[in-house]
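There are 4 protein chains.
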Amino acid sequence: MNITLEQAQAAIKAAQQKAGEIDVPMNIAIVDSGANLKAFARMDGAWLGSVDIAIKKAETARYFDMDTGEIGKISQPGESLYGIEHSNGGLITFPGGVPIKSADGEIIGAIGVSGGQVEQDHEVATFGMNAVK
Amino acid sequence: MNITLEQAQAAIKAAQQKAGEIDVPMNIAIVDSGANLKAFARMDGAWLGSVDIAIKKAETARYFDMDTGEIGKISQPGESLYGIEHSNGGLITFPGGVPIKSADGEIIGAIGVSGGQVEQDHEVATFGMNAVK
Amino acid sequence: MNITLEQAQAAIKAAQQKAGEIDVPMNIAIVDSGANLKAFARMDGAWLGSVDIAIKKAETARYFDMDTGEIGKISQPGESLYGIEHSNGGLITFPGGVPIKSADGEIIGAIGVSGGQVEQDHEVATFGMNAVK
Amino acid sequence: MNITLEQAQAAIKAAQQKAGEIDVPMNIAIVDSGANLKAFARMDGAWLGSVDIAIKKAETARYFDMDTGEIGKISQPGESLYGIEHSNGGLITFPGGVPIKSADGEIIGAIGVSGGQVEQDHEVATFGMNAVK
Numbered sequence: 001m002n003i004t005l006e007q008a009q010a011a012i013k014a015a016q017q018k019a020g021e022i023d024v025p026m027n028i029a030i031v032d033s034g035a036n037l038k039a040f041a042r043m044d045g046a047w048l049g050s051v052d053i054a055i056k057k058a059e060t061a062r063y064f065d066m067d068t069g070e071i072g073k074i075s076q077p078g079e080s081l082y083g084i085e086h087s088n089g090g091l092i093t094f095p096g097g098v099p100i101k102s103a104d105g106e107i108i109g110a111i112g113v114s115g116g117q118v119e120q121d122h123e124v125a126t127f128g129m130n131a132v133k
Numbered sequence: 001m002n003i004t005l006e007q008a009q010a011a012i013k014a015a016q017q018k019a020g021e022i023d024v025p026m027n028i029a030i031v032d033s034g035a036n037l038k039a040f041a042r043m044d045g046a047w048l049g050s051v052d053i054a055i056k057k058a059e060t061a062r063y064f065d066m067d068t069g070e071i072g073k074i075s076q077p078g079e080s081l082y083g084i085e086h087s088n089g090g091l092i093t094f095p096g097g098v099p100i101k102s103a104d105g106e107i108i109g110a111i112g113v114s115g116g117q118v119e120q121d122h123e124v125a126t127f128g129m130n131a132v133k
Numbered sequence: 001m002n003i004t005l006e007q008a009q010a011a012i013k014a015a016q017q018k019a020g021e022i023d024v025p026m027n028i029a030i031v032d033s034g035a036n037l038k039a040f041a042r043m044d045g046a047w048l049g050s051v052d053i054a055i056k057k058a059e060t061a062r063y064f065d066m067d068t069g070e071i072g073k074i075s076q077p078g079e080s081l082y083g084i085e086h087s088n089g090g091l092i093t094f095p096g097g098v099p100i101k102s103a104d105g106e107i108i109g110a111i112g113v114s115g116g117q118v119e120q121d122h123e124v125a126t127f128g129m130n131a132v133k
Numbered sequence: 001m002n003i004t005l006e007q008a009q010a011a012i013k014a015a016q017q018k019a020g021e022i023d024v025p026m027n028i029a030i031v032d033s034g035a036n037l038k039a040f041a042r043m044d045g046a047w048l049g050s051v052d053i054a055i056k057k058a059e060t061a062r063y064f065d066m067d068t069g070e071i072g073k074i075s076q077p078g079e080s081l082y083g084i085e086h087s088n089g090g091l092i093t094f095p096g097g098v099p100i101k102s103a104d105g106e107i108i109g110a111i112g113v114s115g116g117q118v119e120q121d122h123e124v125a126t127f128g129m130n131a132v133k
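Line by line, the protein sequences give chains A, B, C and D. At the far end of the first sequence sits residue 133, using UniProt numbering, and the numbering has no gaps. At the far end of the second sequence sits residue 133, using UniProt numbering, and the numbering has no gaps. At the far end of the third sequence sits residue 133, using UniProt numbering, and the numbering has no gaps. At the far end of the fourth sequence sits residue 133, using UniProt numbering, and the numbering has no gaps.
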């Protein structure tokens, strides 16, 4: 199963709304179950450098089927996956990437958000993810 | 001046609608005046390989402020810009990329569409471009 | 739907057998419906440079849901998709890449073969594709 | 001397079997003595991001003729090879890559495994390596 464009655009719309509420312009990317880009939006005033980061966060979350922040914890110096960010053309391993599941629990894609503090990015990504029905 | 996300999403919405009318699922990308990705949508069933092509068409149209098909004409073997597609990490020089202008004629971004015949891509891109007010 | 490893390995086994019959060592790559590598084999004596070509042929066939040779025809100088090979990090647009369909006609992946004349590559790829049930 | 495809496929088959026993779907890559891809398999349900990691582990193990985990120890911050992962288009320096030797002790290739805990990856890689006669 794969995320539809309607679902992806619903996630982006929700994420934009949440980003507006906390007043932080964000880049928001959605990939499908094959980790291929499905939808994207850069809010007015959001960092240009976060285009790539938002996309990489979404890819990373789908590559390993977990929140990007979790990968960050286990890839610190001395930890088991130290250096993993050198794979796949560059991963982003701090918070803001979250897998998206279907109603029956299958992973159908992922959302990546970048533009604020990483906690804000994660909050907005989670809000967007929850908008997918 | 720069395209806003509202304008970019209006262009994508219009392009999706036109693509639906001609029954060809499309990838649609919008870049801003800095040639940086602003918004993107891949319609369900659209070619995976057209994600990159749609983005490169939008970039190419803004890089040179002309329709991508025009660049294609002057970059054929023997023509003056032969080989230009090797620049900028890869250009796409066939139709489907169109600059977007503001009401007063300033270029504020570009749209790139990929997924059908190049004439269809150009038609959908033009329709999306015209939706920007 | 997505190709399984069992199906992918059956395709490779069949392709290896056909390549052995025509006595041309081949590189054989299988990607899934998301164009991600699923299985690969390089026969003893096959060209090293064909590792990447076989993989790119499989990706290209899935990117556009058609035989790579078909893309080659419409991307010659003067044709509508001239220069398309500059997209997606490099396409291969000569024969040897073939989509793989499920029993009900859905594309579930693709096979790419490289190592011989392009007609031989296409023959071996088609034989491998037909081994998927 | 160089690993044969028969040997590489035997290593993959054994690694698949061991991965099945411990119930962790894995990506398994084999490179030859020239560090070029020889064979590959992604088990159903294995991480997409581990395609590249498995291949890079196999390459890394052959590049330096040692287990990837050993390279990880000497490339931590403050250690002598800190930053080595930036070479060769990206190395992977945590466990899961193991050189493969012929019966007379010559290195003929390497195996890289990714998909579980690094200890599991190393266990499966070692099991696959030992299947090469």
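Keep in mind the hints are simulated off the structure, nothing from the lab. A quick note: this is a predicted structure, and the numbers were derived from the prediction, not measured. Treat the hints with caution; some may be incorrect.
Note that identical chains are pooled: a pair holds if it fits in a single copy or bridges any two copies.
[What the hints assert, rightly or not] In the SDA-like style, the derived pairs of lysine to any residue whose C-alpha atoms are separated by at most 20 Å in a straight line are:
| no. | residue 1 | residue 2 |
| --- | --- | --- |
| 1 | K133 | D44 |
| 2 | K101 | G45 |
| 3 | K133 | G49 |
| 4 | K73 | I22 |
| 5 | K13 | E70 |
| 6 | K133 | Y82 |
| 7 | K73 | A10 |
| 8 | K101 | W47 |
| 9 | K73 | P99 |
| 10 | K73 | H86 |
| 11 | K73 | S102 |
| 12 | K101 | E70 |
| 13 | K73 | F94 |
| 14 | K73 | G49 |
| 15 | K133 | Q117 |
| 16 | K13 | G69 |
| 17 | K133 | M43 |
| 18 | K101 | D44 |
| 19 | K13 | M43 |
| 20 | K13 | F94 |
| 21 | K13 | D44 |
| 22 | K73 | E123 |
| 23 | K101 | G49 |
Hints versus structure:
{"no.": "1", "hint": "K133 / D44", "in the structure": "between (27 Å within a copy, 16 Å between copies)"}
{"no.": "2", "hint": "K101 / G45", "in the structure": "between (30 Å within a copy, 15 Å between copies)"}
{"no.": "3", "hint": "K133 / G49", "in the structure": "neither (30 Å within a copy, 26 Å between copies)"}
{"no.": "4", "hint": "K73 / I22", "in the structure": "neither (26 Å within a copy, 24 Å between copies)"}
{"no.": "5", "hint": "K13 / E70", "in the structure": "neither (25 Å within a copy, 31 Å between copies)"}
{"no.": "6", "hint": "K133 / Y82", "in the structure": "neither (35 Å within a copy, 33 Å between copies)"}
{"no.": "7", "hint": "K73 / A10", "in the structure": "neither (30 Å within a copy, 36 Å between copies)"}
{"no.": "8", "hint": "K101 / W47", "in the structure": "between (28 Å within a copy, 15 Å between copies)"}
{"no.": "9", "hint": "K73 / P99", "in the structure": "within (17 Å within a copy, 29 Å between copies)"}
{"no.": "10", "hint": "K73 / H86", "in the structure": "both (16 Å within a copy, 17 Å between copies)"}
{"no.": "11", "hint": "K73 / S102", "in the structure": "neither (26 Å within a copy, 39 Å between copies)"}
{"no.": "12", "hint": "K101 / E70", "in the structure": "within (17 Å within a copy, 36 Å between copies)"}
{"no.": "13", "hint": "K73 / F94", "in the structure": "both (8 Å within a copy, 15 Å between copies)"}
{"no.": "14", "hint": "K73 / G49", "in the structure": "between (23 Å within a copy, 17 Å between copies)"}
{"no.": "15", "hint": "K133 / Q117", "in the structure": "neither (27 Å within a copy, 32 Å between copies)"}
{"no.": "16", "hint": "K13 / G69", "in the structure": "neither (23 Å within a copy, 33 Å between copies)"}
{"no.": "17", "hint": "K133 / M43", "in the structure": "between (23 Å within a copy, 18 Å between copies)"}
{"no.": "18", "hint": "K101 / D44", "in the structure": "between (29 Å within a copy, 17 Å between copies)"}
{"no.": "19", "hint": "K13 / M43", "in the structure": "both (11 Å within a copy, 16 Å between copies)"}
{"no.": "20", "hint": "K13 / F94", "in the structure": "neither (23 Å within a copy, 32 Å between copies)"}
{"no.": "21", "hint": "K13 / D44", "in the structure": "both (14 Å within a copy, 18 Å between copies)"}
{"no.": "22", "hint": "K73 / E123", "in the structure": "within (18 Å within a copy, 23 Å between copies)"}
{"no.": "23", "hint": "K101 / G49", "in the structure": "between (28 Å within a copy, 18 Å between copies)"}
In summary, the structure is inconsistent with hints 3, 4, 5, 6, 7, 11, 15, 16, 20 from the numbered list given earlier, while agreeing with the others.
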